[in-house]
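Novice: Let chain A serve as the given structure and place chain B on it in line with the hints.
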Amino acid sequence: NAGVMQNPRHLVRRRGQEARLRCSPMKGHSHVYWYRQLPEEGLKFMVYLQKENIIDESGMPKERFSAEFPKEGPSILRIQQVVRGDSAAYFCASSPQGGTQETQYFGPGTRLLVL
Amino acid sequence: AQSVSQHNHHVILSEAASLELGCNYSYGGTVNLFWYVQYPGQHLQLLLKYFSGDPLVKGIKGFEAEFIKSKFSFNLRKPSVQWSDTAEYFCAVLTTSGTYKYIFGTGTRLKVLA
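Top line first, the protein sequences correspond to chains A and B.
Numbered by the working numbering, the letters in the first sequence go through residues 13 to 127 in order.
Numbered by the working numbering, the letters in the second sequence go through residues -9 to 104 in order.
If you are wondering where the hints come from, they were derived from the structure by calculation, not from laboratory data.
These numbers were taken from a predicted model, which means no experiment stands behind them.
Watch out, some of these pointers could steer you wrong.
Here are the in silico distance ranges between beta carbons for each label pair [claimed, not checked]:
id	chain 1	residue 1	chain 2	residue 2	range
1	B	A104	A	H22	27 to 33 Å
2	A	R96	B	I58	37 to 43 Å
3	B	Q32	A	K39	18 to 24 Å
4	A	H22	B	A7	31 to 37 Å
5	A	H22	B	V1	26 to 32 Å
Just some of the chain B residues that point at chain A, by a computed CB distance under 10 Å [what the hints assert, rightly or not]:
id	residue
6	Y26
7	Q32
8	H33
For glycine and all other residues, C-beta sits at the position ideal for the given N, C-alpha and C.
So that you can see chain A by itself, here it is in the shape it has in the complex:
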């Protein structure tokens, strides 16, 4: 049973470029969550998606960030025109049904470095 997969594991971008982070949930899971971990801080919720729907994006920065979870394929977190402050570890988690009392399972993260 494959766990949550994220790629790339490490991503280096120059300021102004775009970053695309991919997340494949565990088999049978249809709910995906993205979290960001800034240096010396805990994980902060960004967005919660089901297939083809954004359920809660209350943690997403208002500009440059977007997320999708298409019917087929992985969930994508996209950061346009990256800035140095976007350097962080981005974690994806998945759960079967998105309900309460449900554990979320985390991927290994993508570490983004903006030069």
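Specialist: Below, chain B alone, put in the same frame as chain A:
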């Protein structure tokens, strides 16, 4: 505002010492509580969780945590740590109203000296 506080940011212990990591939360609704561990270079793994019932929860690798509702606390304990417990530990609350998402503490970095 909903929040989770972990007061110990860095802890250094010798092997066989006892461990207690503090976690306090501020959340108005029913709480589901978790401890996750992140070993160096690895992803977050679930150590244990509390939803309801017995407030003393046992997890993997000899860890346990106690939910004390009156203190809004969910401290993690282990009677005797090992070098392999060196990792970062995160306490989290899963919100139970609206959409279900985690609120994490800032983490505690544990270093166990051999």
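Novice: So, for every hint listed, does it hold in this structure?
Specialist: To see whether the hints hold, each was checked on the structure:
1. At about 29 Å, the CB distance of B/A104 to A/H22 agrees with the hint of 27 to 33 Å.
2. Checked against the hint of 37 to 43 Å, the pair A/R96 and B/I58 passes, with Cβ atoms roughly 42 Å apart.
3. Distance hint check for B/Q32 and A/K39: the Cβ-Cβ separation is about 21 Å, which falls inside the suggested range of 18 to 24 Å.
4. For the pair A/H22 and B/A7, the beta carbons lie near 35 Å from each other, so the given range of 31 to 37 Å is met.
5. Taking 26 to 32 Å as the suggested C-beta distance range, the pair A/H22 and B/V1 conforms, at roughly 28 Å.
6. Interface hint status for B/Y26: upheld, as the beta-carbon distance to the closest one in chain A is roughly 7 Å, under 10 Å.
7. Hint status for B/Q32: holds, given a least beta-carbon distance of 7 Å to chain A, under 10 Å.
8. The interface hint given for B/H33 holds, since its Cβ lies 4 Å from the closest Cβ of chain A, which is under the 10 Å cut-off.
Of the numbered hints given earlier, the model fails none.
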